[in-house]
Every structure is written in structure tokens, then in C-alpha cells.
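Chain residues, written in single-letter form:
Protein chains: 2
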Amino acid sequence: MTINVALLGFGTVGQGVYETVQTHQHELSQKIGEEIRIVSILIKSQDKDRRIEENVQVTTSFADIFKQNRIDIVIEAIVGCDPTYNYVKEVLSQAIPVVTANKELMAKKGSHLRKVARENKTTIAFEASVAGGIPIIRVINECLQINRIEKVEAILNGTSNYILSSMRENGLSFKTALADAQKLGYAEADPANDILGWDAFYKTMILSDLIYGSQPDWEQAYRKGIDNVTEKEIKAAENEGKKVKLIATLSKAGGRVVHAEVKPVKIGPDHPLYSVEGVDNAVSIQTDLAENLVFQGPGAGALPTASSILQDVIKAALRNRSVDSKVAQVL
Amino acid sequence: MTINVALLGFGTVGQGVYETVQTHQHELSQKIGEEIRIVSILIKSQDKDRRIEENVQVTTSFADIFKQNRIDIVIEAIVGCDPTYNYVKEVLSQAIPVVTANKELMAKKGSHLRKVARENKTTIAFEASVAGGIPIIRVINECLQINRIEKVEAILNGTSNYILSSMRENGLSFKTALADAQKLGYAEADPANDILGWDAFYKTMILSDLIYGSQPDWEQAYRKGIDNVTEKEIKAAENEGKKVKLIATLSKAGGRVVHAEVKPVKIGPDHPLYSVEGVDNAVSIQTDLAENLVFQGPGAGALPTASSILQDVIKAALRNRSVDSKVAQVL
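Respectively, the protein sequence lines represent chains A and B. Here the first sequence stands for residues 430 to 760, numbered as in the numbering used here. Here the second sequence stands for residues 430 to 760, numbered as in the numbering used here.
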């Protein structure tokens with residue numbers, strides 16, 4: 430038996446997953462006890478030349494994927510909600526587990542998709558949607574279960590952090606630093622999602638769902654990007670021994686309402702995120718028992734994201750097998 | 430039904446666990462689906478006055494613990510190998526899961542005790558034995574399964590890190606900084622285990638077992654503590670923009686032999702552990718996919734240690750239940 434996987438999307442993340450399944454087949458099959466095979470890949474257009482083995486179905490038709498092979502797990506590596514929301518809903522209603530890296534989808538539709546998954550006795554996993562290669566979802570869900578999480582502060586957008594680091598270290602204007610980041614591949618051609626704070630905001634909402642079981646009203650949650658940060662502000666902060674960072678904050682202190690905001694903040698050397706530079710992400714979690722924990726690592730990139738996605742795939746595969754053995758209730 | 434727990438040892442860690450079971454019963458029973466009850470506590474002598482509820486068995490006799498109640502899980506919170514090794518072996522041979530915070534025991538006897546656990550179809554869990562409240566064992570075991578771990582660098586002894594921070598920040602000699610640490614409760618009356626590097630060394634050996642499946646020959650593994658670090662060396666490092674830290678290193682680069690060492694090292698601002706100050710621990714893991722991940726948090730203390738111990742207790746309780754349902758094979 431093999432675990433048959435369908436891959437939706439073949440951009441940076443999709444290609445990273447495809448390659449890693451080949452290079453790390455030994456580690457995967459050792460953990461799962463069966464071989465993982467990517468049997469179908471959904472692409473946008475047939476124009477491009479791709480390095481995909483011949484026996485893999487490559488198609489532009491979502492429906493075709495389920496006609497040719499039995500599919501055990503679907504990895505969703507597209508971006509945005511359209512058409513991914515419908516795809517993911519359709520897969521879950523077939524009781525097939527989904528692993529996704531899609532932060533916008535999970536922020537906007539995560540709660541509903543988890544419900545669809547439960548109704549169909551399957552799962553949707555999304556480790557890769559927050560903080561790239563840092564296993565923050567698993568840590569919160571499985572390693573801090575007794576702790577009351579009082580506050581989270583995080584650097585969740587590597588592009589913004591890179592630009593701010595670069596403005597400070599090289600005395601650049603926002604425009605120049607952005608252009609440099611684009612040249613180096615750290616910012617996209619259309620950087621709006623990153624520099625306006627939306628990417629960090631989506632991830633914050635996913636953490637809010639996870640930690641507090643709900644999200645604040647999006648209208649009430651403050652979101653400000655780094656697009657108006659000036660050289661002067663960064664210089665002024667530096668003169669106080671501080672750095673400007675795009676910080677996401679999440680708390681439920683003193684009430685039932687979740688408080689969330691994403692904005693540029695001046696932080697000093699005593700702040701747990703002060704030393705986080707370049708494209709790294711970091712999450713600082715204030716708990717009642719384990720005190721303050723900080724998790725730092727690459728916030729994006731093909732291989733770190735593949736690491737998180739394939740860890741979720743292992744879990745889904747092991748759960749599948751246990752469902753087959755009619756023991757789903759214990760997992 | 431309740432989960433009956435026996436607690437061996439009622440020092441700082443044992444008391445922290447006892448209190449946390451009371452303050453966090455809601456979180457515990459919500460995760461487990463059953464109430465956790467500490468039914469027996471093994472103490473050294475009856476002399477001390479202790480705040481333990483009346484219905485809890487408090488005894489100096491290990492054997493008595495198993496006479497009065499059914500015991501589902503044993504938490505071992507003593508130190509050293511004698512008599513803990515015999516206790517733990519005895520508990521495991523009764524097929525009762527053990528949760529331990531004992532680094533010396535796991536470094537010296539971990540491999541054998543895991544074997545005894547397997548033979549008796551039970552488990553020994555030891556999250557609290559390395560890096561206190563940081564869930565580093567679980568992260569390595571369950572979150573980085575596909576990654577090849579190339580190198581680990583870590584600050585694993587909070588006492589040493591505190592003393593080195595304090596020598597640098599306050600210009601103190603080793604002796605004065607140690608005395609201060611002792612006054613503040615950050616160093617024990619007999620500090621040998623910490624300042625000679627043994628504590629960090631034991632933890633490094635546990636990580637070696639975990640990551641590489643074996644330990645280097647202890648004679649080959651270099652261990653040097655902080656007891657000979659001078660004010661002058663720290664000053665000289667500072668003049669180069671560096672800090673002296675007690676760093677544990679573990680790698681298997683370029684061969685089959687695990688390389689491990691614990692020693693004071695000068696590190697600069699680019700090093701992932703440069704900003705770790707005071708009693709914090711931190712583990713930096715270099716992987717092939719997730720790149721470099723750093724996990725930082727309190728390395729000791731009653732409540733952070735209780736957090737790790739009780740997370741292991743939850744896992745053991747859930748596994749117990751699944752064994753009862755005869756589905757042990759899937760976990």
C-alpha cells in the first residue's frame with residue numbers, strides 16, 4: 430500500500446513539497462510505515478515546462494484528480510480563498526484530510542472548514558500557515574495544553590522584518606529597502622499583502638482561533654503595516670537603543686474579548702523579539718506555568734514550509750491508518 | 430474513574446507538580462476526560478511539616494505506595510540515580526508509565542529504561558529533564574520528524590548562564606557571582622553539578638540519545654564548566670563584542686560518530702544564542718529543511734518544570750486509555 434497524495438498548486442511551496450517527498454522518502458516512510466506518493470498535481474496552466482516525473486498526473490482540472498487514483502491526502506498549496514475554499518470544502522466532504530499552507534483561507538474560513546472536517550470525520554491541518562518552518566501550531570496545541578496563554582507577541586511577516594532590518598542596518602528609505610527585497614526575492618512584485626500587515630494579520634487571526642477559540646471582530650482589530658515607517662523614525666528609535674519591528678499582539682487579559690493588533694512598534698533590548706533580524710519569524714508566548722517561551726526560525730521559504738506541511742501529512746497518514754483500524758476515537 | 434498518580438519526591442519540583450494539579454485540574458481533566466488525583470507521595474523523612482491534603486497517602490516507603498491504591502502513573506521527582514533507578518525500573522516492570530524530570534537518570538540509564546518500558550508495553554517520558562519548560566523533547570520527537578538534524582547548540586544550564594551574565598553585566602568575579610546566585614536561589618548550596626558542566630552534559634547526552642539514537646563515549650566527550658572563567662576573559666570577550674556562554678554542542682557531521690561537548694565559548698551577536706541571558710535556557714537546532722530553529726525559555730523552576738511533567742502525564746493518561754481500548758498499536 431502507498432499513501433496517495435494530491436498536490437494543489439505547483440508554485441514555490443508546491444515544488445518544495447514535491448522535491449522533499451523525493452529527497453526525504455526514507456524519513457517519511459519510516460515514520461508512516463508506508464510510502465508517500467504524489468500521484469496528482471493541479472496546475473494553473475499547461476504552458477510551463479515542469480520537472481515532474483512521467484507517472485504523475487498533471488492536470489488543470491480539479492475534478493480529474495479524483496477520477497484517476499484513490500486519493501488519501503490532499504495538500505493545498507495555492508494562495509487566497511478563490512477557488513481554494515471550494516476545493517478544500519469539496520475534499521473534506523469526501524472525508525479526505527487536507528493539509529494547507531494557506532493563511533488567508535484559514536484566517537477567513539478556518540473555523541468553518543474545521544467544522545466541515547469534523548462533520549466528515551476527517552481533519553484539516555495548517556502548521557505551514559503560521560510562521561513557516563516553526564512548529565508553532567503543534568507547540569500550542571500539543572505541548573502547552575495545561576498552560577493558560579496570557580499573551581502572544583510575534584514577528585509573523587519575514588518580508589516586513591527584512592525591510593525594517595535593512596532600513597536600520599543600511600540607512601535606507603522604505604522604498605529603496607523594498608526594491609532591494611524584491612530584487613533578492615524576499616518581497617513579491619506586488620508586496621501589498623506583506624507591507625500593509627495583512628499577512629501578519631491573517632496569521633494572528635489563526636493563532637487567535639487556536640488559542641482563544643475565536644477571533645476578534647476584524648473591524649476592531651488594529652492593523653497597520655510598515656509602508657509609512659520612515660528612516661527618521663528608525664533613526665530616532667536607534668538613538669534610544671531601540672528597533673522598529675512589525676509586532677503582532679494577541680491577548681485576552683482582563684476580559685472575555687480577544688484583543689489583537691498588528692503594527693510597527695519600537696522595542697528595546699529587553700523585549701524577547703529584539704534580536705530577531707532579517708526574514709526570520711518569532712513567536713513569544715507568555716504563559717502562567719512555562720513562563721515566557723520564544724520560538725524563532727524561518728518564516729517562509731520552500732523547504733521550511735515543506736517541513737511543516739509534510740509533518741502534517743505524517744500525522745494525517747497515521748490518523749487515516751488508525752481510522753481504518755476503527756480506533757479514530759482515541760486520536 | 431480518576432487517574433491515580435503517585436509522586437516520588439516532594440522537593441521544589443514535586444511541590445510544583447502537586448500545586449499545579451490542584452490549580453489546573455480543569456485544564457487537565459478537560460484534556461484527559463478524567464480527573465487526575467495525586468493519591469500517594471513518597472517523601473524522605475516525616476520530620477517536615479507539609480501542606481498536603483489529608484486524603485493523600487504520605488509515606489517514606491516506596492513499597493507501600495502500591496498497596497493502598499491502584500496507581501495509573503508515577504511521577505519521579507527525586508534527583509540522582511540512587512534509589513531512583515531501582516524505583517523506576519520496578520514501576521515500569523509493573524507496566525505503569527513513568528514521567529520523570531531526572532536528567533542524570535535519563536543520561537546514564539535512559540536507553541535501558543526505555544527498553545524496560547517497551548518490554549512491559551508501557552512508556553517513560555522525560556520532557557522535564559531537558560530545558561525545563563521548553564517542550565524540546567516533543568518538538569524533536571514529533572515536530573521535526575522529516576528533518577535531518579545537523580547540529581544542536583544549546584544553553585542548558587540556567588545557573589551557569591546566570592552567573593556568566595552577572596559577571597559580565599556587573600563586573601563580578603566568578604566567586605562573587607556564584608555567591609550572589611546562591612543567595613537568590615539560582616544556584617544550590619553545592620553548585621558542583623551546575624558549574625562543572627555536569628548538568629548541561631547530562632542533558633546533552635539525553636538529546637544525543639533522542640536525535641542520533643546513541644551517545645558518544647563519555648570519555649571522548651569534552652566537558653568543561655565555568656568554574657575557571659575569569660573576569661579578565663569576560664572583559665576581553667566584551668572588547669571584541671562577544672559574550673562568554675556555556676555552550677553544549679552536538680553534531681554528527683561527516684561521520685557516524687556523534688560529537689558532543691560542553692564548554693565556555695565566546696560567541697558574537699550573529700550567534701543564535703547571543704541574546705540568551707540570565708537563567709533562561711535555549712536550544713538552537715540546525716536542520717536540513719526547517720533551517721535553523723531556536724527555542725528559548727525558563728530552564729528550571731517549579732512551575733515550568735511542572736508544565737512539562739504534566740504535559741507528559743496527559744500523554745501517558747491518553748495512552749493508558751487507548752491501551753485499555755486495545756488500540757495501543759496506533760500510538
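There's no promise every hint is true.
Which copy is meant is left open, because identical chains are indistinguishable; a pair holds if it fits in one copy or across any two.
[To be verified] Derived SDA-like pairs (lysine to any residue); straight-line CA-CA distance at most 25 Å:
#1 Lys550 x Glu648
#2 Lys460 x Asp656
#3 Lys695 x Asn498
#4 Lys460 x Lys580
#5 Lys664 x Asp699
#6 Lys671 x His700
#7 Lys537 x Tyr651
#8 Lys580 x Glu448
#9 Lys473 x Val686
#10 Lys477 x Gln451
Since the hints were made in silico from the structure, they are not lab data.
So, going through the hints one by one against the coordinates:
1. Lys550 x Glu648: Neither: 33 Å inside a copy, 53 Å across copies.
2. Lys460 x Asp656: neither (44 Å within a copy, 43 Å between copies)
3. Lys695 x Asn498: neither (53 Å within a copy, 57 Å between copies)
4. Lys460 x Lys580: between (34 Å within a copy, 21 Å between copies)
5. Lys664 x Asp699: For Lys664 and Asp699, both the intra-copy (19 Å) and inter-copy (22 Å) Cα distances are at most 25 Å.
6. Lys671 x His700: both (10 Å within a copy, 20 Å between copies)
7. Lys537 x Tyr651: within (16 Å within a copy, 52 Å between copies)
8. Lys580 x Glu448: between (37 Å within a copy, 23 Å between copies)
9. Lys473 x Val686: For Lys473 and Val686, the Cα distance exceeds 25 Å both inside one copy (41 Å) and across copies (47 Å).
10. Lys477 x Gln451: This pair counts as within: shortest intra-copy Cα distance 21 Å, inter-copy 61 Å.
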